[in-house]
Structure formats: C-alpha cells, structure tokens
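Undergrad: Below are the chains, spelled out letter by letter.
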Amino acid sequence: MEKTELQVEIPSVLKQTSCQNIKGFDCVDYGNGNNPNPLENAISDIESRGESTAGSNMTRLERKDVIIISLPASPSGLHIGQTKLVLHSEKCKNTDQNNTKNPYPQLAKQKKFHSQPILVRENGDRKVVHSEAVRDHRFDPFKTWSGKLERQISNLRGKPTQEADIEAGASDREEIEEAPGVDRYFDALEGPELDTLRATEVSVLPEDEKWPFLLRFPVNAFGICLGVSSQAILWKTLNTSPAMNFLHIGPMPNLILWWAALALILFVSFVYLLKIVFYFEAVKREYYHPVRVNFFFAPWIACLFMALAVPPSIAVNLRPFIWYILMTPIFMLELKIYGQWMSGGQRRLSKVANPSNHLSIVGNFVGALLGANMGLKEGPIFFFAVGLAHYIVLFVTLYQRLPTNATLPKELHPVFFLFVAAPSVACMAWAKIQGDFDYAARIPYFIALFLYMSLAVRVNFFRGIRFSLAWWAYTFPMTGASIATIKYTMAVTNIVTRSLSICLSAISTFTVSTLLVYTIIHAFVLRDLFPNDISIAITRKKPKFSKMLAHFRSSSSDSKDLDSSISKNSEF
Amino acid sequence: MEKTELQVEIPSVLKQTSCQNIKGFDCVDYGNGNNPNPLENAISDIESRGESTAGSNMTRLERKDVIIISLPASPSGLHIGQTKLVLHSEKCKNTDQNNTKNPYPQLAKQKKFHSQPILVRENGDRKVVHSEAVRDHRFDPFKTWSGKLERQISNLRGKPTQEADIEAGASDREEIEEAPGVDRYFDALEGPELDTLRATEVSVLPEDEKWPFLLRFPVNAFGICLGVSSQAILWKTLNTSPAMNFLHIGPMPNLILWWAALALILFVSFVYLLKIVFYFEAVKREYYHPVRVNFFFAPWIACLFMALAVPPSIAVNLRPFIWYILMTPIFMLELKIYGQWMSGGQRRLSKVANPSNHLSIVGNFVGALLGANMGLKEGPIFFFAVGLAHYIVLFVTLYQRLPTNATLPKELHPVFFLFVAAPSVACMAWAKIQGDFDYAARIPYFIALFLYMSLAVRVNFFRGIRFSLAWWAYTFPMTGASIATIKYTMAVTNIVTRSLSICLSAISTFTVSTLLVYTIIHAFVLRDLFPNDISIAITRKKPKFSKMLAHFRSSSSDSKDLDSSISKNSEF
Amino acid sequence: MEKTELQVEIPSVLKQTSCQNIKGFDCVDYGNGNNPNPLENAISDIESRGESTAGSNMTRLERKDVIIISLPASPSGLHIGQTKLVLHSEKCKNTDQNNTKNPYPQLAKQKKFHSQPILVRENGDRKVVHSEAVRDHRFDPFKTWSGKLERQISNLRGKPTQEADIEAGASDREEIEEAPGVDRYFDALEGPELDTLRATEVSVLPEDEKWPFLLRFPVNAFGICLGVSSQAILWKTLNTSPAMNFLHIGPMPNLILWWAALALILFVSFVYLLKIVFYFEAVKREYYHPVRVNFFFAPWIACLFMALAVPPSIAVNLRPFIWYILMTPIFMLELKIYGQWMSGGQRRLSKVANPSNHLSIVGNFVGALLGANMGLKEGPIFFFAVGLAHYIVLFVTLYQRLPTNATLPKELHPVFFLFVAAPSVACMAWAKIQGDFDYAARIPYFIALFLYMSLAVRVNFFRGIRFSLAWWAYTFPMTGASIATIKYTMAVTNIVTRSLSICLSAISTFTVSTLLVYTIIHAFVLRDLFPNDISIAITRKKPKFSKMLAHFRSSSSDSKDLDSSISKNSEF
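Protein chains in written order, with the working numbering: chain Z, 1 to 572; chain B, 1 to 572; chain W, 1 to 572.
Any given hint could be a false lead.
Each pair may be met inside one copy or between any two copies, as identical chains are not told apart.
Unchecked claim - List time: in silico DMTMM-like cross-link candidates among lysine to aspartate or glutamate, alpha-carbon distance up to 25 angstroms:
hint, residue 1, residue 2
1, Lys377, Asp528
2, Lys377, Asp187
3, Lys377, Glu207
4, Lys377, Asp438
5, Lys284, Glu190
6, Lys377, Asp436
7, Lys336, Asp438
8, Lys284, Glu207
9, Lys377, Asp208
10, Lys143, Asp208
11, Lys336, Asp208
Derived by calculation from the structure, the hints in this document are not laboratory data.
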C-alpha cells in the first residue's frame with residue numbers, strides 16, 4: 001500500500017537545528033541503519049510487522065513534536081501540500097543535495113513529490129517566527145508582479161534542487177491564478193454578504209495571521225464614501241430647501257462633509273488603485289464574487305453623489321461632460337452585470353439575487369438625477385428607464401425570496417435597507433426630469449417610505465450582527481430617503497412632512513455618526529477594521545479531504561479532537 | 001418486550017359502572033381469573049406464552065366493545081394519548097386507590113404513565129353521551145379562560161391522584177398553546193384554501209362531532225360582509241351614475257343593501273369578538289394560518305366598502321377621521337404581512353403565494369378610493385403606491401406559479417376571481433385621485449377586464465368544487481369589476497360600454513343572489529354552513545404513527561380495514 | 001420464463017424470398033432440425049431445457065443478418081413494436097396461412113401477439129426500397145383522412161390475416177392520435193426551440209428519410225413573413241418620416257417589399273392551410289408544442305404588419321373593421337395561452353417561459369399601434385394594457401431565469417432578440433395612443449435600446465448555432481427597434497439620433513438580407529430548409545427500453561456498439 005505523508009513540524013526547530021537533524025522532514029540522514037525519517041521508519045515498521053490492518057488507512061505517530069499522517073497515495077493525495085509549501089525550501093538545499101546520495105532513488109523520488117511540509121502547526125505556545133531571510137511567498141499568487149522574477153533568477157542559477165519547489169509553486173499558482181467559478185463562491189462562502197468561509201473549506205491564504213494591508217482592503221471600503229457623500233447632499237438640501245428654512249442650517253455642514261467625502265474618496269481610490277496595481281488577482285477575485293461585484297458600482301455612485309453635493313460656493317452648474325464621464329463606467333458595468341442576469345449560467349438572477357444588487361440599480365437613478373439637475377433630458381430618461389425595468393425585476397425577485405437565492409439572508413440584515421435606495425432616488429430623479437414632484441414621483445417616494453417603515457419596525461432583527469465595513473453602504477438609502485422626504489416636503493409643506501423630514505434626517509445623521517464611531521474604534525482601537533478578506537481566498541476547486549483536515553487541524557486547539565476524528569475517519 | 005396500551009372504551013359505560021368494572025381502563029381488578037381488562041389479559045397471555053414475535057409489534061384483540069392496540073413503549077409511544085385524556089379522571093379516583101393494592105406494582109406504575117384513555121370510539125350506533133357532571137374538557141386548550149381555575153381548585157384540595165392527569169393535561173395544553181409553525185399548516189392541510197386535513201394527519205379536536213359554534217365560526221365569515229356591502233356600492237353607483245340613468249334605478253336597493261350589510265357586519269363582528277374573547281387560541285391559529293390570515297383584512301375592507309356605499313340619504317360627505325381609523329389596522333396588518341413576505345422564513349412569498357393574498361393588496365386600493373372620495377390627497381396616493389408595488393410582486397408571482405407555491409390550486413378555483421379585484425378597484429382609485437378616468441386608469445381597468453374574461457371562459461373548471469363560506473370573498477371582485485365598468489362607461493358612454501355595465505352588474509348580482517341562496521340552504525336546511533374548522537385543529541408537531549392510527553380508526557367505519565392495515569403494518 | 005421477441009430483418013430479403021424462407025420472421029419452418037428461425041430455436045431450447053436463468057433476461061443471437069433480442073413478456077413488453085409495424089404485412093399472407101399448419105398452435109398464437117417486425121434496419125449499404133405496390137402507411141397517423149377508408153375496405157373483403165395488422169395499426173394510431181402531454185415535449189426534446197430529439201427518445205416517424213413536404217413545413221415559416229413585412233414598415237417609415245428626409249428614400253422599396261411580403265404570406269398561408277387540411281394531427285402537435293405554439297401568433301402579427309406597411313399609393317386609411325378581424329384570433333389565442341400560464345398544470349409560466357413567449361405578447365402592442373394608427377382609442381388601450389401586464393410578468397420571469405424554465409437556452413441565442421420586440425413596438429403604440437412621443441413612450445423605447453445593446457455586445461455568443469427557419473422571427477425585433485428609433489428621431493432630431501436610426505436600419509436590413517441568402521441557399525442549394533420536423537414526431541409515452549434500443553440501433557452505424565451495449569445490459 002503506497003502512502004503519502006503529511007508532515008507537521010515546528011518551524012522554530014528548523015532554525016535551531018540543521019536540516020539533517022529534522023525528523024519527519026524531507027531531509028534524510030542515511031548515516032545509520034535506523035532511518036532518521038521517522039515516517040519511513042514508521043511505515044516500514046508497520047509494514048514489516050504486518051501490523052497495518054486493511055481497514056485503517058491512517059496511521060498516526062507522534063515522536064518529538066512530529067505528527068505524521070499517512071494517506072493513500074491516490075491522485076487526490078498528490079495535491080496535498082500545494083497550499084503552503086513555499087516556506088522553508090531555501091533551508092532545505094543541503095537536504096536535497098543529500099538526496100542525491102540516496103541509495104533508494106525510487107523512494108526518494110516518491111518522497112519528493114509526496115511529502116512536503118504543509119502545515120505549520122503551533123505546538124504549545126510557541127509562535128511561528130518567520131526569519132527575515134525567508135521572504136513570505138504565500139501571498140505571491142495574488143501579487144501582480146510576484147515571484148516570477150525570482151523564479152527566473154533561480155532557474156538561471158540552475159539549481160535543480162529547487163525544481164520540486166518551483167513545480168509545486170507553479171501548480172499552486174495555477175490553482176489561484178484562474179479565479180474560482182461563481183459556484184465556488186456559493187459553495188465555499190456563507191452569510192448575507194458571502195464573506196464567511198464555510199467550515200468545510202480552506203483558505204488559500206494563511207488564516208492565522210494578518211495579510212498585507214492591500215489584500216485586506218476590500219472594494220466595500222467605497223461604502224464609506226457613499227455614506228459620507230450622501231450626508232453632504234442631505235445637508236446641502238437642508239441648507240437650500242425653502243421648506244427647511246426654519247431650521248436655519250448654514251452651508252458649512254455641507255462644505256465640511258463634501259471636503260471630507262472628497263478626501264475619503266481620494267484616499268480610498270488611491271489605496272484601491274494600489275491594490276489593483278499590486279494585487280490584481282485579488283481585485284479580479286473581488287470582481288468575480290457574486291455579492292462583492294455590486295460594490296464596484298460604489299466608487300462611481302460616490303462620484304455622482306459628490307457632483308450632486310457640490311457646495312454652491314464651489315460650483316453652481318457642473319459641466320455635462322462630467323456626467324458622461326461618470327456614467328460610462330456605470331453603463332459598462334450594467335451591460336456586464338444585467339447581461340449576466342439574463343444570459344444564464346451560474347450568475348443568473350434567480351441565483352445571485354441579493355439586496356446588494358440594488359447598488360447596481362441605484363446608479364441609474366442617481367445618474368438620472370444628476371443628469372436632470374444638469375439640464376440634460378434624454379440621457380437621464382435613458383438611465384431612468386433602464387433602472388426602472390431592472391428595478392422591477394429585482395424588486396419582484398427579492399420579494400419573492402426564491403429558494404434558489406442562496407445568498408439572501410435568512411433573517412433581516414442591514415443590507416435590506418438597500419431596498420429603500422432605488423425608489424427614494426428614483427422619485428427625486430423623476431421629479432427633476434418631470435420638473436414637478438407629481439404623482440408619478442410620489443409613487444416611488446411612498447414605496448420607499450413604506451419599505452423604510454417596514455424595515456424600521458423590524459429593527460430588532462438586526463441585533464447581534466457583527467459590524468462590517470459594508471454597513472456603510474447600507475446607510476446611504478436612509479440618507480436618500482431623508483433627502484427625498486425633504487423634496488417631498490417642498491411639494492407638500494405641512495407640519496407632518498416637516499416633522500418627517502427632520503425625523504428621518506436625524507435618524508440618518510445619527511446612524512452615520514454611530515457608524516463613524518464604530519469604524520474609528522475598529523480602525524484604531526480594535527485594529528480589526530480590515531480583517532482578512534476571506535471572500536477572495538477561496539480555493540478554485542473543492543478542497544480535498546486532506547486539505548480540510550489540515551484546515552481543521554490548524555483551527556483546532558486541541559489535538560485530541562483531531563486524533564479522535566482521524567481515528568474515526570480511519571474506520572471508514 | 002415493553003408495551004404501551006391504547007385503550008378504547010365507551011364512555012357511557014363509564015357512568016354506569018364503577019371504575020373497577022370498567023374494562024380496558026386504568027383500573028385493574030386482579031381478583032378473579034377472568035381479568036376484566038382484556039388488555040392485561042392479552043399482554044400477559046402473549047407474554048406468558050412467549051408467543052409474541054419480534055417482527056409484529058401490533059396485536060389487536062377485541063372483546064366486549066374494547067379494542068386494544070399494543071404498541072412498543074418507545075419514546076414516541078409515551079406521547080400517546082396526550083391529546084384527549086382529561087376526560088374521566090374524577091371517576092378514577094378509587095381506581096387509583098385500588099392501584100395501591102396492586103400486587104404487581106411495577107406493572108401498575110408503568111401503566112400509570114403509559115396508558116391513558118385517549119380515544120372515545122363510538123361502537124355501533126351508540127352515541128357518545130356526555131353526562132352533565134362531566135364537563136367536556138376537549139376544547140379547553142382553545143379556550144381563553146379554561147380549566148385553569150378548576151385545576152387550581154383541584155390542586156388546593158390536594159388530590160395526589162390527579163397528578164398524572166394534570167401533568168398530562170399540561171403537556172396537552174403545551175402542545176396546543178404554542179400555535180403550529182407555518183410549515184405545519186402546509187404539511188397538515190391541503191386544498192386551495194388549506195382547509196382540508198391530509199390523510200396522514202390527526203386533528204387535535206374531535207372530528208366526529210360538532211364543535212362549539214364559536215370554534216366553527218371562521219374569519220372567512222367576513223367574506224359575506226364583503227359580498228353584500230360591495231353590492232350596496234354597485235347599486236349606489238347604478239343609482240347615481242348619469243351614464244346609467246336610463247335604467248331608472250332608485251336609491252332603495254342601495255339603502256336596503258347597506259342596512260343589510262351593516263347588520264351583517266355588526267353580527268359577524270359581534271360573534272367573532274366573542275370568539276376572540278372565549279377562544280383566543282383559535283383566533284391565533286387562524287391568524288397564523290398562511291391563507292386564512294389574509295381574511296383578517298376582510299372586516300376592514302368591508303368597513304371601507306360601507307363607507308363607500310353609504311346612501312346619500314344618510315350622509316353625503318364622510319369625515320376624513322373615519323378613513324384614518326379604518327386605514328390604521330390595514331396599515332398595521334400590511335406592515336406585518338408584507339414584512340413576512342420579504343423577511344423570509346416559512347412565510348416568504350415564494351412559499352405562501354395564493355390568490356387570497358389579493359385580499360391583503362386590495363385594501364390599499366379601496367382605501368385609496370375612499371380617501372380620494374373624501375378629498376384626501378397624499379394618504380390615498382401612499383396606499384395606492386404601496387398597493388401598486390406589492391400588486392406587481394404578487395401578480396408576477398401568482399402568474400408564474402412557482403413550484404414552491406404549495407397552496408396554489410392545481411385547477412382554477414373561485415379564489416382566482418380575486419385577481420380581478422385589485423386592478424378594478426385600482427382603476428377607480430386612480431381615476432378619483434387623478435380626477436379623470438385617464439389612460440393610467442384605463443390600463444388597470446382593461447387588465448381587470450381581460451382577467452375577468454380569461455376566468456369567465458374557464459368557468460367550467462369551477463364545477464365540482466364544494467361550497468365554502470370563503471366563496472363570498474370571491475364575489476366582490478366581480479362586483480368591483482361591474483362598478484369599474486360603470487365608472488368607465490361614465491367616461492366612454494356608448495352602447496357597448498352600457499351593455500357591458502348591465503351585463504356585468506347582472507352577473508355579479510346573480511352570483512351574489514345564488515350564493516345567498518346556497519348559504520341559506522347550508523345554514524338552515526343542511527345546517528352545515530359552519531363545519532368543523534379543521535384548519536385550526538392541526539397538531540403542532542407531525543403526528544406520531546400511533547396518533548395517525550387512532551385517527552384512522554376513528555374515521556374508518558369498518559374495523560376490518562384496520563385489522564388488515566395493522567397486520568400489514570406489523571409485518572414491517 | 002415467457003419471452004417476447006424483437007426481430008430485425010432486412011426488408012429487401014422479404015421481397016426476394018418467399019415468406020417461408022425468411023429467417024427470423026414470424027414464418028416458421030419446422031422441416032429440418034436446423035430451425036432457420038434462431039429465435040424459435042433459442043426459445044424452444046431454453047424452454048425445453050428450462051435453462052433460462054433468472055438473472056439474464058436478454059439473450060442475443062445473430063445468424064444470417066438476423067438479430068433477435070428476447071425480452072421478458074411483461075405487459076410493457078407487449079407494446080413493443082407498435083410503432084413501425086405496418087410495413088410488410090401484405091407479403092406475409094402466405095406466412096400466416098402457413099401458420100395454420102403450425103404444429104405448436106399455442107406458440108404460434110403467442111407469436112402473433114408478440115413478435116412483429118418493427119425495425120427496418122439497413123444492412124450494409126443496401127437501401128430500403130419501397131415497392132410501389134406497398135403504400136407507405138407510416139405517415140398515416142398524421143393524416144387527416146388516412147387509411148380509414150382502406151381499412152374499411154380491407155375489413156369488407158374479410159381478410160382475417162390482416163387482423164393483426166389492423167389491430168396493431170389501431171393501437172399505433174391510438175398512440176399518435178392523442179397528442180403528447182406537454183411534459184412529453186419537455187422530456188423528449190431539447191434545445192432553446194425544443195426541436196431536437198433527446199438521445200433516449202425515438203421518433204414515431206421514420207428519421208432516416210425525408211417526410212412528406214407538408215409534414216416538414218412548420219408554423220415557424222410564418223417567421224419569414226414577419227421578417228419581410230417588418231422590413232416593408234421600416235422602408236415606409238424611412239420614406240415618410242420627415243426626420244429621415246435627408247436620405248431621400250423613395251416609396252419603391254416599401255412597395256416592393258410589401259408585395260413580396262404579401263406574396264410570401266399568401267404562399268405560406270396556402271401551404272400551411274394544406275397542412276391543416278391533410279395533416280391536422282401534425283398541426284395539433286405543433287399547437288401543443290410549448291415553444292411552437294407561440295408561432296401561431298405569427299400569421300396574425302404578420303397581417304398586422306402588412307396593414308401597418310401598406311404603401312400610401314395603395315391605401316392611406318384602412319377601415320377599422322380590418323383591425324377587429326385581425327385582433328379576434330390574437331385575442332382568442334391570448335385567452336388560451338395566458339390562461340394556461342395562470343391556470344397551472346404543465347403549461348404554467350414558470351415551466352414554459354421562453355423568449356419565444358414574446359411573440360404572444362408583441363401582438364398586443366402591434367395591434368395597439370395599428371388600432372391607434374386607424375384612429376381607434378379604447379381597443380388599442382385595451383390591448384396595450386393586456387400586453388403591459390403580461391409583458392411585466394414575462395420580462396421578470398425570463399430575466400430571473402428560474403431553474404424550472406426548462407426551455408430557456410443555457411447560452412444566448414438569437415431567440416433572445418425577441419426581448420427587444422415588445423418594448424420597441426410598445427413605445428410606438430403608446431406614442432400613437434398618446435399622440436406624442438412623451439416620457440411614457442421613451443421609457444419602453446430606452447428599455448428596448450438597452451436590451452438591444454446588451455445583446456449586441458454579446459453577439460459572439462451566437463456563433464456556432466446552426467441555422468433554423470425560426471431565426472426569421474428573431475429579425476423583426478431588430479427592425480422594430482429601427483422603426484422605433486426613427487420615430488424617436490422624429491421627436492428628438494439631432495445628429496446622434498439620426499445616426500442611430502441609419503445605423504440600426506442598416507443592421508436590420510443587412511441581417512434580413514443575410515438571412516434571405518441563407519434561406520435561399522438552404523432551400524435551393526442544400527435543399528434542407530425544411531428538415532424533418534422532429535418536434536412533432538415524439539411518442540406519446542416514454543419509449544420503452546426496447547424502442548430506445550431500436551432507435552439506438554437504427555442510428556448507430558456500428559453494430560458492435562449495440563452488441564456490447566446489449567451484453568452489458570444483459571448483465572444486469
């Protein structure tokens with residue numbers, strides 16, 4: 001019975017001892033009859049004694065911190081260890097050189113392919129310490145210009161001993177470079193934002209340490225820009241609306257918020273641009289993520305918001321060309337996204353429907369509003385029409401809650417506030433196009449209002465949901481509803497509408513402020529505003545059992561569980 | 001092999017003999033060789049002779065009207081009889097005292113827990129006669145103030161012998177008090193109105209006799225009010241519409257119908273109020289019923305109809321505050337119902353979609369119509385907008401006939417006429433809001449007309465469906481279409497529209513009259529207008545096999561079937 | 001163990017040899033020990049020796065071109081061969097007479113019922129040659145007046161030997177006469193137009209030769225009329241539209257196209273009328289086909305197009321009665337089709353949704369447009385309203401791509417261009433009804449434009465799809481979009497809209513021209529414009545294994561495959 005070995009070693013040992021002395025690693029010392037590779041030892045022991053029973057294809061031996069799990073060398077077994085193997089190859093050079101002396105070349109070759117140190121398990125309290133000499137290659141597959149050069153140099157140097165490493169690295173790279181299919185996202189992730197790894201999945205990036213900042217910086221971050229820039233519009237409206245004159249709100253809040261929003265957008269855009277440059281693979285994976293892709297509308301919508309919120313002191317009339325520039329990427333994205341809905345496959349609407357799809361709709365109405373503000377006519381109606389058609393489709397689909405909507409959260413969730421966004425912006429857009437807050441504008445407004453109330457009375461459903469950066473995107477619908485209410489108040493001015501305006505504005509400002517405090521706490525106190533972005537680190541294929549096991553091990557604190565689970569599995 | 005016993009006894013025997021003499025009851029007399037309890041007999045016989053085979057866990061013996069089914073005392077077996085056991089405990093006191101003399105205490109103890117008289121089976125023609133001394137406790141769980149007081153008194157008296165009874169009663173009560181989940185309704189009931197018990201289900205209330213009137217009085221009864229009050233509107237419209245002047249219809253029909261409708265509403269409301277007071281549990285179960293819940297809109301819609309139909313001789317202009325009062329409960333219910341559609345779970349729209357959902361939509365349009373009639377502006381548009389949004393969702397969902405719409409009838413059914421209701425009222429509402437029967441009003445009107453025709457040509461599909469009180473609710477859409485046609489005739493007056501008005505009015509009046517005759521026949525001749533309302537009597541959990549069996553027995557008239565089915569089952 | 005026999009014979013042999021000498025046919029020669037019928041041999045062998053093992057219910061013997069498959073004579077086995085048996089009965093008379101000499105009458109009787117020559121397998125290169133004396137009965141079941149008379153004559157002649165034939169023919173006829181259920185269409189066919197037989201299905205008509213022309217002439221042919229007549233409208237619009245004056249397009253293209261379209265419509269109608277007369281069964285099956293049924297709208301829509309495209313030189317104002325005549329069949333079909341969507345069963349919308357359903361919607365808008373052109377008011381709004389309601393339903397359903405939409409193609413397909421049809425015609429209809437290309441008209445126009453663009457950018461998806469007559473129906477939406485653009489250009493005249501008009505018109509004309517060339521090539525060069533219309537030739541019930549086998553055989557060129565598959569099957 002052929003066996004493949006998973007070997008687990010304490011890295012710190014690596015640094016203290018020479019490779020020859022490491023037990024259970026690829027380095028083999030043939031000095032004595034007692035083969036120093038305990039694995040070989042163990043297997044031969046077992047095999048010679050004939051003690052290995054047919055039923056148990058898993059043997060677990062532990063000797064001096066070394067855990068060896070032998071697996072049948074099935075084709076799937078061959079993939080073992082492709083994930084995290086790049087670690088200590090440099091150190092092993094002499095080991096590999098030793099291998100040339102291997103009196104059992106066949107065995108050695110087998111080992112070369114099969115046994116690689118895949119799991120860096122912390123034993124006891126000892127931390128994994130990476131020597132500075134060893135560059136961390138684990139994030140290479142996500143880097144735009146990574147490793148390639150180094151590998152070429154290595155190849156030029158002609159080190160045959162690194163072949164196995166490079167080979168494995170290549171297959172590793174291959175696994176990552178091609179972004180996972182959309183079904184993999186559904187299979188591997190869960191939660192309303194598809195951002196939590198399922199228990200049976202493993203991440204292609206290390207889960208036990210913080211990733212580079214850029215890798216952790218998601219496109220959701222543009223949600224903050226949405227939240228702040230929409231607040232800027234709200235305060236501009238409060239300032240300029242005659243119906244709200246009695247509040248005597250000056251132009252300052254708008255001005256401050258606008259500059260703040262501008263700074264935010266510039267900062268977030270800059271950082272995300274860096275991500276695009278340095279981690280294009282990660283961006284690609286965000287783009288293929290069925291929920292995350294909708295956030296790619298966010299930067300453009302934020303810019304539209306900025307154009308809408310521009311303080312009168314800076315500019316009164318914006319040039320229409322800005323509108324054309326901003327609407328182009330939105331239009332392109334829509335052609336892409338709506339086309340995917342319709343043209344089937346794994347991204348068809350009955351599969352991907354999620355409240356965050358509203359982000360891909362609302363851009364139409366915001367664009368229509370801005371265009372109408374600028375005095376354009378046909379363009380705004382075009383986007384209004386496109387938005388309307390797809391909003392009906394999305395509204396019905398989301399309300400139906402088809403059983404195939406895998407990502408629709410079981411319970412209500414802040415993401416549902418996106419329901420309010422489209423109709424509240426649509427009513428303003430129509431009012432501006434039509435030049436009057438007429439019945440056709442009031443219908444979407446009242447729909448937005450009803451949805452708002454419907455969600456507000458269910459607000460206790462939202463308790464107990466952990467904070468996420470994406471929440472920012474869920475605040476702008478509230479702000480949008482407030483602005484729409486103010487516009488409505490301008491058409492129907494009475495005590496009720498005025499109170500409603502003040503009330504909704506207060507709620508939205510309060511929400512944004514609260515979220516800001518939360519964000520600051522998470523960013524600077526808890527320092528976990530940008531956790532590892534697991535969504536982009538899923539494997540391209542369903543992980544093999546061995547990987548799941550490895551994942552399980554690395555996450556389980558008690559090896560007893562593992563032992564028992566292994567022994568349990570080995571019975572099958 | 002442990003056995004649990006289901007014992008079936010004729011209650012009348014109970015009253016004539018002392019407990020010791022009751023066969024098949026908990027009281028066991030070990031005095032003579034002819035053990036009066038045939039169950040014990042049977043079991044001991046079988047056990048002593050060792051004849052019970054492992055495969056057959058069901059033995060059926062019948063002796064002197066007593067049917068005993070022995071079941072394995074599995075955990076599920078322990079639940080047997082928790083439903084209807086409260087019957088004759090008082091009578092059994094001495095029995096229990098006798099039990100203390102039981103020479104086989106172990107057996108007695110087992111019996112105490114396991115064997116309770118659960119099924120009162122009528123043997124032959126003999127009727128179940130309840131002595132006045134024995135209050136019928138079977139409906140207690142549905143009563144608002146039931147049994148609690150009595151039980152407290154019993155406890156005060158300190159009768160330890162009643163403990164088992166109380167305990168069991170508590171678990172019984174527990175089972176009923178928590179209303180069944182919505183999935184239970186789908187699992188346990190069938191038919192387009194989810195009002196028929198599936199074959200595999202048992203009712204928690206006795207199916208073989210008439211329940212108290214209030215328990216049988218469903219919320220559907222408000223459908224009659226809808227039917228009659230909408231007729232009042234029709235005749236008011238026929239009277240007042242200039243386009244229909246040529247018919248010379250006076251104000252009397254409207255007046256009579258209005259007073260009749262008022263009387264009906266008051267009566268039905270009063271009776272239902274009694275039900276709320278005395279059988280709150282039953283009302284709760286109606287409210288949780290996924291189809292029935294829509295009928296909770298009916299009383300308010302009927303009131304709106306009354307306000308619309310108010311004869312000019314009584315009032316010309318109603319005060320707007322009436323509108324606010326009437327719309328509040330509708331608004332509250334909508335927040336609840338639409339929220340359930342959206343927020344998922346078992347009540348999501350793709351699961352509960354049923355034409356009766358139109359009742360929850362149509363209130364919006366009726367409210368909008370009344371409000372516009374009263375001269376209100378924003379309120380009506382609000383409800384019109386809410387109605388429109390949700391009508392589109394519902395219309396698409398119902399037209400699609402998703403496979404998950406468990407309650408959607410396979411064939412057409414009168415309930416489909418509710419499709420006509422919303423657009424026909426919507427067109428009137430919009431015409432009133434807009435002040436003109438414009439194109440926007442004609443579109444819903446023509447949709448209603450097409451749906452009407454589409455259903456009318458399929459009218460033969462309706463044959464062979466048994467009469468139900470809910471049918472009343474399906475007449476008002478026809479009346480609504482007639483009224484809308486008259487309104488349309490006022491806009492487009494010609495021979496075709498006039499003929500159509502007369503035709504549709506005649507059909508709707510004829511339908512209502514026919515239904516009235518049917519209802520009177522069922523109410524006073526057949527006396528089955530209010531059959532047992534099985535929909536509210538489903539068990540909270542899937543019934544165990546034993547209960548199904550019991551149900552099967554009580555419904556099967558021929559014990560031969562049972563015998564064969566038992567023997568068949570016992571083979572497995 | 002009873003056995004049924006499938007016998008396969010080379011027909012040409014039948015004609016050359018006397019029946020007695022035919023091996024493997026019903027005629028049995030008991031003269032020599034070497035029984036020439038290996039089947040009888042095998043059976044008698046098996047039966048006499050009682051050696052038939054339970055596990056293998058398939059024995060395969062081949063001797064001298066004869067393949068015999070023995071199957072258990074289960075009730076399903078009795079149906080074997082009911083499909084194609086009518087072939088050579090006349091020839092067998094003497095065989096049957098010989099059978100009277102059969103020393104084993106019981107066996108002979110069994111044979112009479114069980115073994116019929118069902119498969120006309122070509123052996124090697126030899127072609128199936130039908131003698132002129134033998135009328136081809138295979139298409140009889142689809143003929144309106146077929147065989148009945150002949151059979152009656154045969155019966156009068158009193159030929160008892162034909163009984164088996166007639167009997168089998170009757171059951172054959174029975175199988176065909178009742179059109180297959182809609183689920184059969186879904187089960188048996190595949191492809192976006194449900195026009196390809198699945199591998200496991202057999203055709204009731206011979207697949208290996210060309211059917212009569214009328215049987216191959218599908219209702220899709222009216223698509224050509226749609227394509228040409230819509231072009232006539234386009235060139236009329238280009239001629240008459242003031243905004244397009246600068247192109248100086250004369251009235252001739254419209255005139256020529258109109259007359260061409262008229263000729264086409266008359267020709268196609270005439271041929272299809274012949275089909276209705278002579279092959280009513282085939283028409284019925286087209287009507288029951290869930291995708292094909294939508295094409296029954298095509299002739300009427302084509303007539304509406306003709307009325308819209310009528311050259312000013314022929315008539316300026318058409319009489320409204322034409323509109324009423326043309327709309328009646330459309331209205332009737334709609335009552336039928338939409339009713340099926342709603343009333344459930346296998347034709348419910350969530351099951352049959354397919355872009356070709358747009359054909360059943362677009363008639364409403366074309367009718368509304370024509371009616372409004374004629375100066376009618378209420379009729380057009382009626383159809384506009386009906387179209388709008390059902391378009392929303394269909395649009396949402398198609399966009400959602402429910403998993404139950406069995407017929408929705410996986411990839412994009414020309415059929416998707418039908419998405420563009422309804423909104424582009426709707427905008428013109430509304431503009432005409434309203435008397436102005438207002439915002440309400442622009443919204444559907446822009447929706448159409450977006451959908452057009454969305455499909456255009458995916459045009460490479462269309463590659464590699466084989467040509468089909470149905471493509472013609474997918475060209476008129478492009479033409480419709482062009483016309484709508486010209487109408488829009490009349491409202492908003494500038495360089496962009498003019499360019500767009502020219503561009504879209506050019507594309508649509510180019511597409512139609514290309515398609516025309518393709519059609520001519522297929523019609524006159526390749527002579528495969530009308531291939532066998534497999535869609536109508538599916539069996540009413542799921543084919544039995546034996547039939548599938550037979551189908552498999554007839555289609556497989558290598559009998560080795562069959563051998564192995566049979567032997568493989570026999571192992572189970």
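Undergrad: Which numbered hints are broken by the structure, listed smallest first?
TA: Per hint list: 1, 2, 3, 7, 9, 11 violated.
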